[in-house]
Structures are given as C-alpha cells and as structure tokens.
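Chains as they are written, first to last, in the numbering used here: chain S, 7 to 118; chain E, 8 to 121.
Be aware that a few hints might be false.
What the hints assert, rightly or not - Mimicking EDC-like on lysine to aspartate or glutamate, the simulated pairs with C-alpha atoms at most 20 Å apart in a straight line are:
#, chain 1, residue 1, chain 2, residue 2
1, E, LYS113, S, GLU65
2, E, LYS49, S, ASP68
3, E, LYS29, E, GLU63
4, E, LYS44, S, ASP78
Unchecked claim - Between beta-carbon pairs, the in silico distance windows are:
#, chain 1, residue 1, chain 2, residue 2, range
5, S, ASP68, E, GLU90, 33 to 43 Å
6, S, ALA85, E, SER19, 17 to 27 Å
7, S, PRO89, E, MET116, 41 to 51 Å
What the hints assert, rightly or not - Covered by chain E, per the in silico footprint, the following chain S stretches (three or more residues, Cβ under 8 Å):
#, stretch
8, 27–35
9, 45–52
10, 110–116
Worth flagging that the hints you see were computed from the coordinates, not collected in a lab. Remember, it's a predicted structure, so these values are computed and weren't measured experimentally. All residues carry an ideal CB built from backbone N, CA and C; glycine is no exception.
Each chain, letter by letter, is given below.
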Amino acid sequence: IAGITQAPTSQILAAGRRMTLRCTQDMRHNAMYWYRQDLGLGLRLIHYSNTAGTTGKGEVPDGYSVSRANTDDFPLTLASAVPSQTSVYFCASNAGPNQPQHFGDGTRLSIL
Amino acid sequence: GENVEQHPSTLSVQEGDSAVIKCTYSDSASNYFPWYKQELGKRPQLIIDIRSNVGEKKDQRIAVTLNKTAKHFSLHITETQPEDSAVYFCAASQRDSGYSTLTFGKGTMLLVSP
Numbered sequence: 007i008a009g010i011t012q013a014p015t016s017q018i019l020a021a022g023r024r025m026t027l028r029c030t031q032d033m034r035h036n037a038m039y040w041y042r043q044d045l046g047l048g049l050r051l052i053h054y055s056n057t058a059g060t061t062g063k064g065e066v067p068d069g070y071s072v073s074r075a076n077t078d079d080f081p082l083t084l085a086s087a088v089p090s091q092t093s094v095y096f097c098a099s100n101a102g103p104n105q106p107q108h109f110g111d112g113t114r115l116s117i118l
Numbered sequence: 008g009e010n011v012e013q014h015p016s017t018l019s020v021q022e023g024d025s026a027v028i029k030c031t032y033s034d035s036a037s038n039y040f041p042w043y044k045q046e047l048g049k050r051p052q053l054i055i056d057i058r059s060n061v062g063e064k065k066d067q068r069i070a071v072t073l074n075k076t077a078k079h080f081s082l083h084i085t086e087t088q089p090e091d092s093a094v095y096f097c098a099a100s101q102r103d104s105g106y107s108t109l110t111f112g113k114g115t116m117l118l119v120s121p
C-alpha cells in the first residue's frame, strides 16, 4: 500500500542521547515535512524539504536536523535529546505546492 | 509568518446536530486551506480542502466556506454522528523561500453524543 512509513513507532530515550527518526515515502512526492504534535499546541513544523538535496527550517527547528539525500527518505535527527523534545513526531509529504499533505502514523518519543 | 487561530477548542453536540468550527488567518497571500481529522492515537487525515478561488466546497455532510476579505474559513458538519468525534485541525498555506508550507490551528476536539 502506497504511503509514508515512520520508524520507530515509539521510543524512550535518555537525555543527551542522539536519535534519528526515519521517514520513507513511496509516492514519489517532491516535498516532505516533519511536525511535532504537543497537547494544546497542534502541529508545528520543524523542517521541510522541497525536493531532494534541499531543506528548510520551519517554526521550531532548534535542536533538530534533517537531510534529503533522495526523494523517498527524510530522516530527522536529534543530536542531543532534551526532555522538552518529548512529543509525537509526524512525517508528511505532498506532490507540490498547495497539494494535500499525507501523514505517516507518527513516532511517540519520550526523553527522560 | 502566518498565524492561524481556531475556535472553539472543544465542542460538544448531540447526534444529528450540526457542528461549526471557525479559523482565522493573518497572511492575505494564503491561498490553500485544508482541514484534517485526527482520531485518538491516529494520523491526521485530510477531510476537505479549499483554494482561494472558491468560496464554498461541499462533500456529503461536510462543507467548508472561505471569506478572503475577512480572512476566515469555517468547517460545517451536518447530521453529526458519533464517529465524527475526533480532533479537527484547520491549516493555511504560507510562502517560505519560494515554496509553500502549512501553518496549523491548535485544533478543536469534537464530541458527538448519541
């Protein structure tokens, strides 16, 4: 089934550790996005990528980095996790500007 | 950047009633307005969207209206059913470095009681 796959589904991580959340899509979409979702705050954009080889900063990029080596993969890295990064992380993709974004199932991350 | 306000934060209705969720946006250049439904523990899923060249769009029991002058748009659900219970998010597009991203409202928890 075409769509977006995120891994892991959930993770408990010690503060200070490095963590990479994986996101893969098989729809050949040009654009990909990472959001974090916190209760009462909705979905906030962390980083995005218009096309392979380019990335941009969203509303809350500090403490996160991304790469886009190819069309399908868009990993999100926390270089040194802090408790305030405890959240549910969603990856999304779309075919182009003002096209519907499709979301993955999310990664629930807890930083202790 | 874009700012999206969404009201109410919670909404309780009886089955069969109508529900209306309202959003305002700040960037007059925004031209794409999707609505997402998120059930507990699930991914957000697009239920309807509207572009700025259209004032209203309907899909069965769901409709969205857009007032570009006032910079607000609304989701209307008629004949609500218990399975409509979920969190609903509005969003508005914004241009950033020549590309389009979305800014989301904080969400409305809709509870439909049988």
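So, going through the hints one by one against the coordinates:
{"no.": "1", "hint": "LYS113/E <-> GLU65/S", "in the structure": "14 Å, holds"}
{"no.": "2", "hint": "LYS49/E <-> ASP68/S", "in the structure": "26 Å, violated"}
{"no.": "3", "hint": "LYS29/E <-> GLU63/E", "in the structure": "14 Å, holds"}
{"no.": "4", "hint": "LYS44/E <-> ASP78/S", "in the structure": "25 Å, violated"}
{"no.": "5", "hint": "ASP68/S <-> GLU90/E: 33 to 43 Å", "in the structure": "39 Å, holds"}
{"no.": "6", "hint": "ALA85/S <-> SER19/E: 17 to 27 Å", "in the structure": "43 Å, violated"}
{"no.": "7", "hint": "PRO89/S <-> MET116/E: 41 to 51 Å", "in the structure": "26 Å, violated"}
{"no.": "8", "hint": "27–35", "in the structure": "violated (count 0)"}
{"no.": "9", "hint": "45–52", "in the structure": "holds (count 6)"}
{"no.": "10", "hint": "110–116", "in the structure": "holds (count 3)"}
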